[in-house]
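We have chain Z already, so just place chain U on it with the hints.
Okay, here's what each chain looks like letter by letter:
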Amino acid sequence: MKATYLLLGSTSFLFSAVLAVWVSATLTKASLAAPDGFEGTFQAVNGAWMYSDKVGSPAANRVERARVALGGPLALSSEETIYFIALEDDDGERLTSSCDYRITGQAFATRWWSLTLYDSETQVFVPNEINRASWNSRALEYAADGSWTVIVSDEPQAGHWLPVHQQPDKRFDLLLRLYNPADETRRSARTLTLPTIERVQC
Amino acid sequence: MLIRTLPLVATATLSGSVLGALVGWNATLQRVPVAVMEAIEGRMVGPEGDWNTCVHERRYGPLPRVARSNPDSMVTRVAYDLSEGSLRLRGKTWPDYWSLSVYDQNTNNVFVVNDRQIQSDSFDYTLVRASDVPVADGSQKIVSPTLKGILLIRRFVVSEADLLAIHANQDLMRCEIIS
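Protein sequences appear in the order of chains Z and U.
Note that our numbering has the first sequence beginning at 23, numbered continuously upward.
Note that our numbering has the second sequence beginning at 3, numbered continuously upward.
Hints are supplied without guarantee of correctness; some may be wrong.
Unchecked claim - Here's a subset of chain Z near chain U, in silico, CB distances under 7 Å, partners left out:
| id | residue |
| --- | --- |
| 1 | Ser-34 |
| 2 | Gly-78 |
| 3 | Arg-84 |
| 4 | Arg-87 |
| 5 | Ala-91 |
| 6 | Ser-100 |
| 7 | Trp-134 |
| 8 | Tyr-140 |
| 9 | Gln-145 |
| 10 | Ala-155 |
| 11 | Ser-156 |
| 12 | Arg-160 |
| 13 | Leu-216 |
Claimed, not checked - Label pairs and their in silico Cβ distance ranges:
| id | chain 1 | residue 1 | chain 2 | residue 2 | range |
| --- | --- | --- | --- | --- | --- |
| 14 | Z | Ala-131 | U | Gln-121 | 15 to 25 Å |
| 15 | Z | Leu-36 | U | Gly-63 | 33 to 43 Å |
| 16 | U | Ala-132 | Z | Ala-81 | 19 to 29 Å |
| 17 | Z | Gln-188 | U | Glu-162 | 41 to 51 Å |
| 18 | Z | Gly-31 | U | Pro-136 | 51 to 61 Å |
| 19 | Z | Asp-112 | U | Ala-41 | 29 to 39 Å |
No lab work stands behind these hints: they were computed from the structure.
We put the CB at the ideal spot given by N, CA and C, even for glycine.
Next up, chain U with everything else stripped away, as it sits in the complex:
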């Protein structure tokens, strides 16, 4: 009797292994982008937990930021958490190149706009968690598919002579959470 069941046990063991391996592999692949985002967000918010805070990169050139970041851009970054409300960002674009991009918690670049697409040298966007969340008059709505994520503003730096003007451009930015 025992001998007769051995092939069955072996088949079940092998099938279980294959199924388990595929489930584990799939789960790991799904988890990797989220884990990468959590790690970057963790560095951005720091020990104080500064979610929804605009952090301006003041230096220019090769800096050990995230993997393969661009040394020719100066970035303003926000790790957002929309469970606290909507995030409104206002300011001036940058003429040599400016873009605002939103990354959901799965690393997808779900929104991007650049200075040439904006009909003005000013911008006003509100990041919300659902399309029915109201925003202030004149503010453009961006819906984030996930409550948490990262928003980046990139400015192309032609030379170091731009630095003071870029700092001034950064200082003009207003970032506020609207409950």
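The shape of chain Z in the complex, shown without the other chains:
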């Protein structure tokens, strides 16, 4: 009888441990699913863009901190820089190298800003012949109405071109950084008018 109880206890313990490890791993994977794991930490604000004031902040919870650590470590706190990330276009379709996009916006009330394209899988730059992954506020040329346009495509484009992969179906994301934003810009980060991301062709 004692041996039976011992066997039952051991089996129960072993089953419990295996189940705990499996559930823990599943929870972790679901919490940190990269690259789109930013959703949940970054919240939809305007158009296709997401924003978080928890980047680099001690106020971030464990899930938020872990997601940012994996997806963009060593980011500055929102006191210094505010970050917006876009994973989709304005129609809610995932950004991929199979399509061309037109990104249009206005200058921001900030010291300087930049728009950078990253491979969502590797989380670094997409290698390309012109060695370009970003456009910043000082490098862009503006139209008479103060607007600017950047074209994302796998083929060379006139004007401000951001190259993506030559292979189709490669997912990418866009990161908009605003350095030393004006107080009003920082206060209204959740309601700022942000660039449009229009899918031109696929």
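Then chain U, alone, in the frame of chain Z:
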């Protein structure tokens, strides 16, 4: 008797699983940022173990550094270990944009200052492990919540024409461990 204990065993097994899963999940989430910092620090210090050494990025543009790094900045980086003493950094700021930021071992950006907030074109900061650690006259104290971490200095590069001046600015920097 055995039959009567089975529900109890099943309940205990399930409770143990849930509790274990939550503890494991929590521990993993807590460990992730530290593991990321350790990985970055490991790359920064290299096989020689060059902690507390200022490493200047000399190139500009898209470089495979850490995830989603900014190609419009040139960075000076230090993986610090304050168990050896305090880390003093001196130099000149950069007019187009300069910032000094400190990240504790949990990835928190615990300190940041930019060139506009400094009343001079020079800077002098000492990173210490506790608020009661003395620093040299004229040096501003930064307290790190953890013994190890990463310090970054970012300079905005407007164009490649800035490179020589930025290299000169980097070369003016002095980084020293003070025991």
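Cross-check of the supplied hints:
With a cut of 7 Å, the hint placing Ser-34 of chain Z at the interface with chain U holds, because the nearest CB-to-CB distance is about 4 Å. Restraint check, Gly-78 of chain Z versus chain U: the minimum CB separation of about 3 Å is within 7 Å; hint holds. The interface hint given for Arg-84 of chain Z holds, since its Cβ lies 4 Å from the closest Cβ of chain U, which is under the 7 Å cut-off. About 5 Å separates the beta-carbon of Arg-87 of chain Z from the nearest beta-carbon of chain U, less than 7 Å, and the hint is met.
The interface hint given for Ala-91 of chain Z holds, since its Cβ lies 4 Å from the closest Cβ of chain U, which is under the 7 Å cut-off. Interface restraint check for Ser-100 of chain Z: the shortest CB-CB distance to chain U comes to about 9 Å, outside 7 Å, so the restraint is violated. Below 7 Å, beta-carbon pairs count as interface contacts, and Trp-134 of chain Z has one with chain U at about 6 Å; its hint therefore holds. Taken as an interface hint, Tyr-140 of chain Z checks out: its beta carbon lies about 5 Å from the nearest beta carbon of chain U, inside 7 Å.
Against a cut-off of 7 Å between C-beta atoms, the interface hint on Gln-145 of chain Z holds, since the closest Cβ of chain U lies about 4 Å away. With a cut of 7 Å, the hint placing Ala-155 of chain Z at the interface with chain U holds, because the nearest CB-to-CB distance is about 4 Å. For Ser-156 of chain Z, the interface hint holds, since its Cβ comes within 7 Å of a Cβ in chain U; the closest pair sits about 5 Å apart. Taking 7 Å as the C-beta contact cut-off toward chain U, the hint placing Arg-160 of chain Z at the interface holds, the least distance being around 5 Å.
Taking 7 Å as the C-beta contact cut-off toward chain U, the hint placing Leu-216 of chain Z at the interface is violated, the least distance being around 18 Å. In this structure, Ala-131 of chain Z and Gln-121 of chain U meet the distance hint of 15 to 25 Å, their C-beta atoms being roughly 24 Å apart. One distance hint, 33 to 43 Å for the beta-carbon pair Leu-36 of chain Z and Gly-63 of chain U, is violated here, with the actual separation near 54 Å. Evaluation of the 19 to 29 Å hint for Ala-132 of chain U and Ala-81 of chain Z yields a pass: the beta carbon distance comes to about 23 Å.
Range check, Gln-188 of chain Z to Glu-162 of chain U: Cβ separation about 26 Å, and the 41 to 51 Å hint is violated. Hint check: Gly-31 of chain Z to Pro-136 of chain U, Cβ distance near 59 Å, so the stated range 51 to 61 Å holds. With their beta carbons about 36 Å apart, Asp-112 of chain Z and Ala-41 of chain U fall inside the hinted range of 29 to 39 Å.
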